[in-house]
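All chains, full assembly: derive it from the sequences and hints.
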Amino acid sequence: DGGITQSPKYLFRKEGQNVTLSCEQNLNHDAMYWYRQDPGQGLRLIYYSQIVNDFQKGDIAEGYSVSREKKESFPLTVTSAQKNPTAFYLCASSPLGEAYGYTFGSGTRLTVV
Amino acid sequence: AQSVTQPDIHITVSEGASLELRCNYSYGATPYLFWYVQSPGQGLQLLLKYFSGDTLVQGIKGFEAEFKRSQSSFNLRKPSVHWSDAAEYFCAVVLNDYKLSFGAGTTVTVRA
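Chains B and A supply the protein sequences, listed in that same order.
Per the working numbering, the first sequence runs over residues 1 to 113.
Per the working numbering, the second sequence runs over residues 1 to 112.
To be clear, the hints were calculated from the coordinates, so they are not data collected in a lab.
The structure presented is a predicted model; accordingly, all values stated were derived computationally and were not measured.
In this text, a Cβ means the ideal position worked out from N, Cα and C, and glycines have one as well.
It cannot be assumed that every hint is accurate.
[Claimed, not checked] Partial list, computed: chain A residues near chain B (C-beta under 8 Å):
id, residue
1, G43
2, K99
3, F102
4, A104
[As the list claims (entries may be wrong)] Beyond 10 Å from chain A on every Cβ pair, some chain B residues (computed):
id, residue
5, G2
6, G16
7, V19
8, N28
9, G42
10, I51
11, V52
12, I60
13, A61
14, S65
15, K70
16, K71
17, T79
18, A81
19, G105
20, R109
The following block contains the structure:
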């Protein structure tokens, strides 16, 4: 079955370390997105990509980086510059076009200690 | 700019009772609107979507939503709630460049 896989589901890191969250989709979707979710704040867009080798900053890109070397993959790196990285991270994908909703992965909960 | 407002942060409803979740959007033209549901620790699942045509949209899990242009609303309803409907619900609207803008979410608690 097609879908989006995020790994790992839980991730613990020490403060000051970079960490990379994986997102893979086999839906042949052109667009991929990373969101951060904090209690009471809904979903905030970190980065998105609509084509391989191209990506755009979202509303809260500071302290994060991404790459899109393959259509299927859109990894997110949380760098040490991100001041408050503990959160639930969601990856999504969609075909291009406003008529489509997103398909979401099951998320990665990152805890920085 | 387009945006979505969900006025209710938390709603508690009895099992078997009806449920209505409010969503208001701001946009000059006919928007593309979505409702998603999220169980704890999980991703979001699409419940239904509205683009044009019939203003009453049927979705999965027995949910429906009604688009009212005069009120800039897209409220989600379910006639009879089950305990498994306890979750967080998000309304979303398409922005320029195909991105979705999400409301802050409404948490639904179902009591026995």
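Do the hints match the structure? See the list:
At its closest, the beta carbon of G43(A) sits 4 Å from a beta carbon of chain B; the interface hint therefore holds under the 8 Å criterion. Here the hint on K99(A) is kept, as its CB sits about 6 Å from the closest CB of chain B, short of 8 Å. This hint holds: F102(A) has a C-beta 4 Å from the nearest C-beta of chain B, less than the 8 Å allowed. The beta carbon of A104(A) is positioned within 8 Å of a beta carbon in chain B (closest approach about 4 Å), and the interface hint is therefore held.
The beta carbon of G2(B) is kept farther than 10 Å from every beta carbon of chain A, the shortest such distance being approximately 14 Å. Its beta-carbon lying about 27 Å from the closest one in chain A, G16(B) satisfies the requirement of being farther than 10 Å from that chain. Residue placement check: V19(B) keeps its beta carbon more than 10 Å from all beta carbons of chain A (closest about 19 Å). At the 10 Å boundary, the C-beta of N28(B) stays outside the reach of chain A, the nearest C-beta of that chain being 16 Å off.
Residue placement check: G42(B) does not keep its beta carbon more than 10 Å from all beta carbons of chain A (closest about 4 Å). The Cβ of I51(B) sits about 12 Å from the closest Cβ of chain A, beyond the 10 Å cut-off, so the non-interface label holds. The Cβ of V52(B) sits about 16 Å from the closest Cβ of chain A, beyond the 10 Å cut-off, so the non-interface label holds. Interface exclusion of I60(B) from chain A stands, the closest Cβ pair being 13 Å apart, more than 10 Å.
The beta carbon of A61(B) is kept farther than 10 Å from every beta carbon of chain A, the shortest such distance being approximately 13 Å. For S65(B), the requirement that its beta carbon stay farther than 10 Å from each beta carbon of chain A is met, with the minimum near 19 Å. Distance check for K70(B) against chain A: the nearest CB is about 20 Å away, which clears 10 Å, and the non-interface claim stands. Separation of K71(B) from chain A is adequate, the least Cβ-Cβ distance of about 16 Å exceeding the 10 Å criterion.
For T79(B), the shortest C-beta to C-beta distance to chain A comes to about 23 Å, beyond the 10 Å cut-off, and the non-interface label holds. A81(B), annotated as away from the interface, keeps every beta carbon of chain A farther than 10 Å; the closest lies near 24 Å. Here G105(B) does not stay apart from chain A, with its beta-carbon only about 5 Å from theirs, under the 10 Å limit. Annotated as non-interface, R109(B) brings its C-beta within 10 Å of a C-beta of chain A; the closest such distance is 7 Å.
Consistency note: the structure conflicts with the earlier hints numbered 9, 19, 20.
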